[in-house]
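Following the hints, put chain B in place on chain A, whose structure we already have.
Protein chains in written order, with the working numbering: chain A, 1 to 342; chain B, 343 to 710.
In case anyone wonders, no lab produced these hints; they're calculated from the structure. One thing to keep in mind: the hints can contain errors.
[Unchecked claim] From chain B, some residues computed to sit far from chain A (all C-beta separations above 12 Å): (1) 394; (2) 466; (3) 507; (4) 560; (5) 578; (6) 615; (7) 616; (8) 640; (9) 669; (10) 687.
[As the list claims (entries may be wrong)] Facing chain B, from chain A, some residues (calculated, C-beta under 8 Å): (11) 26; (12) 59; (13) 110; (14) 120; (15) 128; (16) 131; (17) 258.
Cβ atoms here follow ideal geometry from the backbone N, Cα and C, with glycine treated the same way.
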Amino acid sequence: MNIRESLIAIIVLSICVIWALADGAAAQQGIGSALRLMTPLLLACLAGLYSERAGVFDIGLEGKMLMAAFTAASVAYLTGSAWLGLAAGIAGSLSLSLIHGLASITFMGNQLISGVAINFLASGLTVLIGQNAFGLGGRTPSLTGAGRFQPITLPLADALRDVPVLGPIYSGLISGQTILVYVAFAMVPITWWVLFRTRFGLRLRAVGENPASVDTAGVSVTRLRYTAVAICGILCGIAGAYLATGLSAGFVKEMTAGRGFIALAALIFAKWRPWQALFATFLFGLLEAIANLYPNLDLGIVVVPSMFMNALPYILTVVILAGFVGRAIPPRAGGEPYVKER
Amino acid sequence: MDKMPKWADVILTPLISLILAMGISALVILAIGESPWEALKTMVQGALGSSYGWGFTLYYATNFIFTGLAVMVAYHASLFNIGGEGQAAMGGLGVALVLLYLPLPHWGLALPAAMIGAAAFGAAWAFIPAILQAKRGSHIVITTIMFNFIAAATLNYVLVNLLRPVGSMDPATARFPASTNLPSLTDMAAAIGITWGRNTPANITFLVAVLACFLIWVLIWRTRLGYQIRALGRSEPGAVYAGISPVRITVIAMLISGGLAGLMAINNVMGEAERLVLNAVEGAGFIGIAVALMGRNHPLGILLAALLFGFLYQGGGELALWTSIPRELIVVIQALVILFTGALDNMVRMPLERLFLTMKRTSRGAVK
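Extracted from the complex, chain A is given alone in its bound form (with noise of 0.2 Å):
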């Protein structure tokens, strides 16, 4: 790994460090305000990297997430327990996940149009099923206690609480995060260990650089991509039930609020890996936190208003985009359909 590519490693690290050296207890609580807030940004991205990487791009990743943050919120206040919730938001993002899959495998339409239809609809549903059991006009109720995902206390959390530097760190900000917090961080490792280590990871790479090779090694495209699709489906699915059943106590009408689009810039930005996805999520999520602990920010000769700093990430979104951070070349076989036989 050379420089260029550790790059946003060391910027969001050093942001910390320096934010750290300012003010500790501010960084700590915004610190660990970014890693909630990025948690739902890196399994999405996660996703799309799965789905992207095998050749199928996927613009519905806001869509699925939503989807997922209503069905798990529905389920969890109904049932009273998280996990049945979070079980309910994989089923409900995986449901988009097929019809995407449908659209733009079996039928060899247009991905870009499939996504931006999987968005609208749950955008839609969610609010109309929603109104109608729970009349609160698209919103669930309040989830309290098994309904929600709690805070886990790691070993040794307590004992290590006053060692310098690695106690804030490990006490404050690793220890007492909810269990998908934890998930979402293993996948990364996980994800990298599937692409690259695997015969699995190597046919879906090539699957989305190029797929008649992989036919013509006797592989089927068709269902590498579906598995694909689902992974990614499954990532959205935690992503969402996270949303409204970890980081909030319930489902609020769009509360994803441009996730899904965030995580693809994140992807974007990440050239489709899994680590640099890791740190460029991260990236997002302290700027969401610095966003939310500091409404107003003063920099001394001006005070930057509230609905900038709200802008931000979409402000960051398109510089990324725009490349101004290298290029990034996206698989080759990417929204394109594969036709067997022309």
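Only chain B this time, still in chain A's reference frame:
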């Protein structure tokens, strides 16, 4: 070789897609415990049963014609502009600035001035995604979506901090001068002695929109620029070989597209609200995508599809008023229309093509 006659391609496939979308929407209504038949009756009654309903239907259709044309022009250059929402919002800002700060004594002067303002602001908002797509290859779908969010934040800032009249709590501009108010279709009907559509927002912009349909048809199919746009959309290497600059045409197509989306503000900001409020676009930019796809990216199709969505939008409002079905039903229908006409196109087309092929074969066999 054409696998099926043109009329089937132009009329039958969108019609079947629409029926499929409607069928699934009916199932959704059934699933939430309401009667689809009653819902349809409420919608038809509310949107088409009176001149009042028609007034609103035409008003909404006017919005969708502009945003549909915006999506269409970009689509012919094989660009997918999802930023109609933000471009229309910025167009509203253009209208507001023109009407608030230029002394315009009559609507006949104010209309062209406001149109220039609306189109300029809408086009400017499409320019950055366009130039980024053309020069840096940034994905226009994502950048235009981001620009929707940025437009919302910008308007929020401008309305709260800059344009809000002193002493007002409402994040909106002051009322535009009364001299700039557009004549409503009701006034125009009254002028020729017909009582029609009292208290509805439909206004002269509808006629502007119909004219825009014609002009865009001329532009795309009867001018050199239109040819260049379509050539680029069909094949970029082909266009380059013919001496067409992809960068130039991409930017021009997006500027026209953004300008059209911006023009929608003539209808909703100048014609209806007569001041600029927060979230004035109300999703019309997104409905434009469904309208363009449903209308097969042809102005005549877009006109019809916009009327259909105007009916759905007004009918959906009536549904929310009289039944427990929320407005979001229209978003679901919109999503299904996009899905069936845009992405699952082949699902409808393949069986149809097969059907026409077998029909051809059997009829040929009969002649022999």
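Status of each hint after checking the structure:
No Cβ of chain A approaches the Cβ of residue 394(B) within 12 Å, the least distance being about 26 Å, so the stated non-interface status holds. The Cβ of residue 466(B) lies farther than 12 Å from every Cβ of chain A, with a closest approach of about 15 Å, so its non-interface assignment holds. Look at residue 507(B): its CB is around 19 Å from the nearest CB on chain A, clear of 12 Å, so calling it non-interface holds up. Under the 12 Å C-beta cut-off, the non-interface status given to residue 560(B) relative to chain A holds; the minimum distance is some 27 Å.
Its beta-carbon lying about 14 Å from the closest one in chain A, residue 578(B) satisfies the requirement of being farther than 12 Å from that chain. Every beta carbon of chain A lies more than 12 Å from that of residue 615(B), the smallest distance being close to 21 Å; the non-interface claim holds. With a least beta-carbon separation of about 25 Å from chain A, residue 616(B) lies farther than 12 Å from that chain, consistent with its non-interface assignment. The claim that residue 640(B) lies off the interface holds: its Cβ sits roughly 17 Å from the closest Cβ of chain A, which is beyond the 12 Å cut-off.
Residue-level check failed: residue 669(B) sits 8 Å from the nearest beta carbon of chain A, not beyond 12 Å. Listed as a non-interface residue, residue 687(B) fails to keep its Cβ farther than 12 Å from every Cβ of chain A; the least gap is roughly 6 Å. Against a cut-off of 8 Å between C-beta atoms, the interface hint on residue 26(A) is violated, since the closest Cβ of chain B lies about 25 Å away. With its C-beta approaching chain B no nearer than about 6 Å, residue 59(A) sits inside the 8 Å limit, and its interface hint holds.
At about 6 Å, the closest approach between the beta carbon of residue 110(A) and any beta carbon in chain B falls short of 8 Å, and the interface hint on this residue holds. Interface restraint check for residue 120(A): the shortest CB-CB distance to chain B comes to about 3 Å, inside 8 Å, so the restraint holds. Because the closest C-beta pair between residue 128(A) and chain B is about 5 Å apart, less than 8 Å, the hint holds. Evaluation of the residue 131(A) hint against chain B yields a held restraint, the C-beta minimum of about 5 Å falling below 8 Å.
A cut of 8 Å between beta carbons decides the hint on residue 258(A): the least distance to chain B is about 6 Å, and the hint holds.
Checked against the numbered hints given earlier, this structure breaks hints 9, 10, 11; the rest are met.
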